[in-house]
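The chain contents come next:
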Amino acid sequence: MDSLGYLFAALTPYHVALALGGVVAGTVVGSLPGLTATMAVAVLIPVTFSMEPASALILMGAIYTGAIYGGAYAAILLNTPGTPSAIATTFDGYPMAKRGDGDLAITLACIASVCGGLVGALFLLSLAPPLANVALAFGPVEYFWLAMLGLTLISALSQGNLLKGLIGASFGLLLSCIGVAEISADVRLTFGSQTLLGGIEVVSALIGLYCVPVLIDLVATPDRHLKVEAASRGFRLHEALQSSWQGKVNLARSSVIGTLVGILPGAGGSIAGLVAYAEARRSSKKPERFGCGEPDGVQATESANNATVGGGFIPTLVLGIPGTPPDAVILGALLIQGVRTGPNLFTEHGSIVYVFIWGLLIATLLMLPAGMLIGRYAYRSIVTVPKAMLVPTVAFMTLIGTYAIRNSISDVVIMIVLGVLGWILGRFGFSVSPVVLGLILGSIAEQGFVQGWIIGAAAENLWGEFFGRPIALGIVAFILLSLFSPLLLNRLRLKRELASAD
Amino acid sequence: MMTRLRRVLVVPLTAALIMFATGASAEYPEKPISYVIPFGPGGESDITARHQQPFFKKKFAEDMIISYKPGGGGAVGWAQLNEMPGDGYNIMGVNLPHIIVKPLQKDVGFKTDELTLIYMFHYTPDAVVVKADSPFKTLQDMIDYAKQNPGKMTFSGSGKGTANHLAQVTFDKLAGVKTTYVAFKGTGASVTALLGKQVMGQWGYTSVGAKHADKVRLLAVAMEQRHPRFPDVPTFKELGFDIVSGAYRGIAVPNSTPEDIREKLSAMIGEINADAEFKKKMEADGFALVHVDYRGIKAFMDEKKDGYVAAAKEAGVIK
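Top line first, the protein sequences correspond to chains A and B. The first sequence begins at 1 in the numbering used here and counts up one residue at a time. The second sequence begins at 1 in the numbering used here and counts up one residue at a time.
Read the hints as simulated data drawn from the structure, not as lab findings. No experiment lies behind these values; they were computed from the predicted model shown. One thing to keep in mind: the hints can contain errors.
[Unchecked claim] With the Cβ distance kept under 8 Å, some of the chain A side facing chain B (calculated, not the full set):
#, residue
1, A137
2, G139
3, P140
4, G179
5, Q194
6, L197
7, G198
8, P287
9, G291
10, G293
11, L319
12, L331
13, G332
14, Q447
15, I455
16, G456
For each residue, glycine too, the CB sits at the ideal point set by N, CA and C.
Just chain A, same shape as in the assembly (with noise of 0.2 Å):
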């Protein structure tokens, strides 16, 4: 079959239909913070059994990209990640809902997210055997020093105070040790406590630290919770089109970058949406206003973390290694029903691939008008119910979101605690946002360390091994340039203005 016919074979009505089902699930699961991409998949899994391998694929890889795009409106409305792909989306969607261009937001973040989609799954189609090889060149070290250029990110997300923003990373990184420590299986931290055995899962931190605040806040505040306008400006379409068009550059970049990042077994749309977000804000010739409602850093997130739903799937179907979590549980899916991943599975059972592949690409598309359409009533639940209504109702969503992660009322108390933690730091100017980018890196950055060191040290080369492989130099100089780059143009802006004022 030529690759026309396994287009037509996922243009099927059923196919479509099972694209447009998955999509229109997986963003509503998204969008409701605690429900994860992961879990939407997990609880499929009996549902595919009786399915085509080729058509079980569609409806998975559909949920999870929609489940993935979803995350955005609890960002975007509510300051709070839907799934932790969004929470780089909180950084500049919320500023712009509070300031009344939430719709905007959310049509710019469905826009993005349809062309992080789209560029991760062409890759998928062209060029996943080759790529396939870059979740091997990732070795421990390159974790670590990727995790070091994520926490370049401090001092932007700081707000204006890179002291206090230390303190709150640091204060992340320790969270992340808390628990059983995933490689050397020490508990630590815990004060012999049960409930901080299974550690801080991201979750729920991210739930307690994000939305607990803003919770607190609107009932602290006569203020409605998001500016409306009165005439009511439909999808803003046009608008976000232009801006969109303007940012191509940004778009097409971070869409790139969460391809790769997504490839990544170690990382994930987390990690790639903070890369993103960080190359749109160095690149940027408007720099300060990230953080205060620049589309570009929505555009940047979104485009990245929904690359990364093709970029994860080149790793998983052809080396058989999951490069997200939701990848995972979908190769799981696969083993049960006989399908063995690997390079033959793109020459020899191109039936399953290449439709699938399709069908992929069909969701992503039909993530436009669903997307749009969801995100519209999104929108306008949010902004039109009164605060009475309101508060409860995210109130009880975010027990349930957390006690749903996995069953633990551990991670409530936790997610509880964290989120008074989080207002009160709030209250004397210290930003959570450090403080989430210290829990997420830690592990990643400790884990790369500490393998690094030890295969280092059996090769008697611990230079070498952190300093001499070129992927990971590679990352050091980026690290090196986002954080003496602000530096530089600064002195050179001063020069230049010293120079005209003479």
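Dock chain B against the given chain A, drawing on the hints supplied.
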């Protein structure tokens, strides 16, 4: 007269009781069973449970609903097992050596003997894995290299105090070599490190050989007999090392679950294990079935405990 009366009364009474009892349990299961995996989705514990799922449905006409309660390397789930209702509709996956080693390291909220195991249904045998293009063609090649270069031979493996880690420690001792073990987060990450040549070999499982058949080579497997999927790979025993180990997986119930339900569940899991189709599917993925039912579980655990505790002490994981 008395005996007659007794006979008259007792016989129908016992009969009624027996009928009542069997009547009640003949109904079981009458609704879906919740099967909690104390790890995240996509891992081997999940995949093997997913293998059981359709067979359970086919044989007992009820669903097995799989959910996840990850955290603390399984400890979060096991610490909560006995708080769940013991009505036979709540079961949880258990893993060896985890449930033996973890409680000895620190207070993790449960003790090994507090868990009510009803069946051990398979294990994933430990194996030494190298890349297909590795210069190590046999286990002896690897041992020779390790002897000449103490500490330089690096192995990836899943976690510390795990089946992989304890096998590495035991092997080093038996072979008289010193190798370096690098713990990764789960088997997936440890395989990735092997395929990416971050390490020279892996203490992995037979399932790794099945999943990545064209990219890796198994040097030896820790089984009594050779695995049917890998007839050419020798066992450690054949090569003179007494290692039979791996990650055993089974099912436990809350301790409030009545005896007759424990027996019944144990028989049900045994029935799935006896299914030829199930065996074929599990072995194709590199797993090996074991059949330890509720009655045999104590003897099995006692035997395993001694071996794992000794190895964990050797590894410095417990004191």
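Sort out which numbered hints this structure fails and list those numbers smallest first. Hints 8, 9, 10 and 16 not satisfied by this model.
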